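Protein sequence lines correspond, in order, to chains A and B. The opening position of the first sequence corresponds to residue 1 in this note's numbering, with each subsequent residue numbered one higher. The opening position of the second sequence corresponds to residue 1 in this note's numbering, with each subsequent residue numbered one higher.
The hints are simulated quantities; they were obtained by calculation from the structure and are not laboratory data. Hints are not guaranteed to be accurate.
[As the list claims (entries may be wrong)] Partial selection, computed: residues in chain B whose CB lies under 8 Å from chain A: (1) Thr210; (2) Asn316; (3) Phe417.
[Stated by the list, open to error] Simulated restraints on C-beta separations: (4) B:Leu91 to A:Ile10: 41 to 49 Å; (5) A:Arg28 to B:Gln339: 56 to 64 Å; (6) B:Thr120 to A:Arg32: 42 to 50 Å; (7) A:Ser33 to B:Leu156: 27 to 35 Å; (8) B:Ala50 to A:Ile10: 40 to 48 Å; (9) A:Arg28 to B:Val384: 33 to 41 Å.
Keep in mind the model is a prediction, meaning the values are calculated, not measured. Just so you know, even glycine gets a beta-carbon here, dropped at the ideal spot from N, CA and C.
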Amino acid sequence: MNNPASRALIGLGLLVVMAFAGGCATVRPEQRSVLADPIMQFESESPEEAQLQHVLENREGSSGGGSVKGGGCGCN
Amino acid sequence: MKRRRSPPFRSLLGALAALAAGVFAADARAQVVELDLNNATFHEPSGKSAMTVYNPGATLTVLPWDWLSLGVHYEADIVSGASEPVKAGPLSSPDVISQASVVDTRNLVSGSFTLSRRNTSLTASYTHAAERDYKSQALAVIAGTEFLQRNTRIELAYARGFDKVCNVAYPPNRDPSVRTPLDSSKGCFTSDVKRQEQDIAIDTFSAAWTQSWTPVFTTQAMLSFGLNHGFLGNPYRGVVIGASGQVAQEHHPDDRARFSGSVKAKYYLRGLDMMIGGSFRGYKDTWDIISQTYELEAERYMLPWLRLAVKGRVYNQTGALFWSDDYTGGEPEFGPRGQYWSGDRELSPFKSYLGGGKVLASWKGTRDKRLLGVLLDFSAGASVDVIKTELEDFTLAGERPDDTTAFVFGLSIHGGF
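The whole structure should be built from the sequences, with the hints applied where relevant.
Shown next as structure tokens:
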């Protein structure tokens with residue numbers, strides 16, 4: 001169970017369990033005005049964030065954990 | 001020279017035509033068109049190997065019906081500068097280090113659609129990118145659903161990349177230690193017998209969970225797994241691998257599996273009209289690179305239409321198992337450093353620090369009272385980020401490189417019609 005694939009699978013399982021556990025804490029629709037504000041959105045898809053991530057991924061040896069994408073790196 | 005419309009350009013024209021058809025065929029009551037224009041300028045000053053990259057982009061999104069969104073995106077990387085084509089270590093003479101100019105443009109187009117129904121959505125996209133020595137095609141599918149009163153969102157994504165890189169046409173059985181680096185992109189992706197195309201397959205799978213815990217607190221956790229297979233080095237880069245100065249093309253393993261997990265959190269301080277957030281990301285791959293990324297951010301409404309954001313980021317990584325700053329020290333023939341060699345500083349151990357800020361002005365209209373008579377909403381932003389890298393074990397023939405500070409300037413405009 002020490003290989004990375006097993007650990008990733010366990011992590012994914014934990015993620016699903018925690019998701020259902022999260023149902024205990026609910027925010028009613030009328031309470032969502034702040035959460036709906038752009039300032040509270042996770043910006044993985046915004047163009048500015050994507051461009052900065054593109055730069056960082058071309059300068060660092062690790063990538064992943066963001067949105068899936070393709071297109072090469074333009075870094076040769 | 002006869003000018004031909006490149007495949008990306010034709011793809012873009014086709015996508016735009018399809019989008020236009022969608023707009024005009026749709027029910028006017030449901031129409032929304034969004035246009036995003038942006039540019040990031042990356043500049044890395046250096047006495048010998050300065051690098052500048054302009055990355056303009058445009059995204060057009062059309063929502064002809066409530067359940068359908070169509071998008072087309074274009075971006076380019078316009079690269080100019082210089083880099084060192086040969087990597088040598090401290091045991092080599094500094095004379096082997098020279099600079100070669102780098103001028104290239106990568107064009108990327110992508111098209112996507114999103115189907116939405118109640119609390120679920122399905123997005124599919126196709127991306128095509130091309131530069132003189134590299135071509136890429138990628139398909140991606142993203143499925144997401146919200147439940148528990150929309151407090152929980154789960155998103156699964158898969159992408160497959162079909163890339164091709166140009167290389168010297170050496171025979172497959174030629175020993176890597178006598179392969180020479182690619183000297184230019186001349187002849188790439190033509191019938192030139194001195195060139196070959198080598199495949200790179202890229203599979204990426206990710207799962208994300210976004211959770212609203214209170215009216216002012218939300219988190220996102222993500223797991224990602226990636227598998228790269230094919231030619232994973234830089235065909236232009238040579239590495240000094242012999243004490244006599246023998247240079248061979250960079251040689252990396254053909255497979256690389258990547259695993260990463262991240263957690264992000266955002267909290268809204270009502271009294272200050274400000275969001276504070278933090279994130280951690282851990283990464284490990286089969287080349288034995290382990291990295292950690294820590295980020296802190298804050299964003300505040302200075303005025304109802306004006307936001308100011310600041311952020312800081314610390315990144316730390318170990319080197320690849322086969323990384324060495326000098327391969328001429330009698331490495332064993334079958335150890336990782338004997339079988340593979342790299343001049344890529346991204347595979348060396350280092351830390352980097354990022355500090356940045358962004359200002360964004362945005363205005364909203366209504367269907368009855370549009371901004372300037374046409375816009376539902378409009379925003380414009382500017383950002384600057386500074387990245388400082390501390391290389392722990394990378395030299396160019398024993399000399400520390402001076403291109404370790406980079407600046408990224410961003411501009412963006414958004415309009416909704």
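Okay, the hints, checked on the actual structure:
The criterion of a C-beta within 8 Å of any C-beta in chain A is met by threonine 210 of chain B, whose closest approach is roughly 7 Å, and the hint holds. Annotation: interface hint on asparagine 316 of chain B violated; nearest CB of chain A at approximately 10 Å, more than 8 Å. Annotation: interface hint on phenylalanine 417 of chain B violated; nearest CB of chain A at approximately 17 Å, more than 8 Å. The hint said 41 to 49 Å for the Cβ distance between leucine 91 of chain B and isoleucine 10 of chain A, and at roughly 45 Å that hint holds.
Look at arginine 28 of chain A against glutamine 339 of chain B: about 60 Å separates their beta carbons, and that is inside 56 to 64 Å. Here the CB-CB span from threonine 120 of chain B to arginine 32 of chain A is close to 19 Å, at odds with the stated 42 to 50 Å. The hinted window of 27 to 35 Å between serine 33 of chain A and leucine 156 of chain B holds, with their beta carbons roughly 29 Å apart. One distance hint, 40 to 48 Å for the beta-carbon pair alanine 50 of chain B and isoleucine 10 of chain A, holds here, with the actual separation near 46 Å.
At roughly 40 Å, the beta carbons of arginine 28 of chain A and valine 384 of chain B sit within the given window of 33 to 41 Å.
Hints 2, 3, 6 from the earlier list are contradicted by this structure; the remaining hints agree with it.
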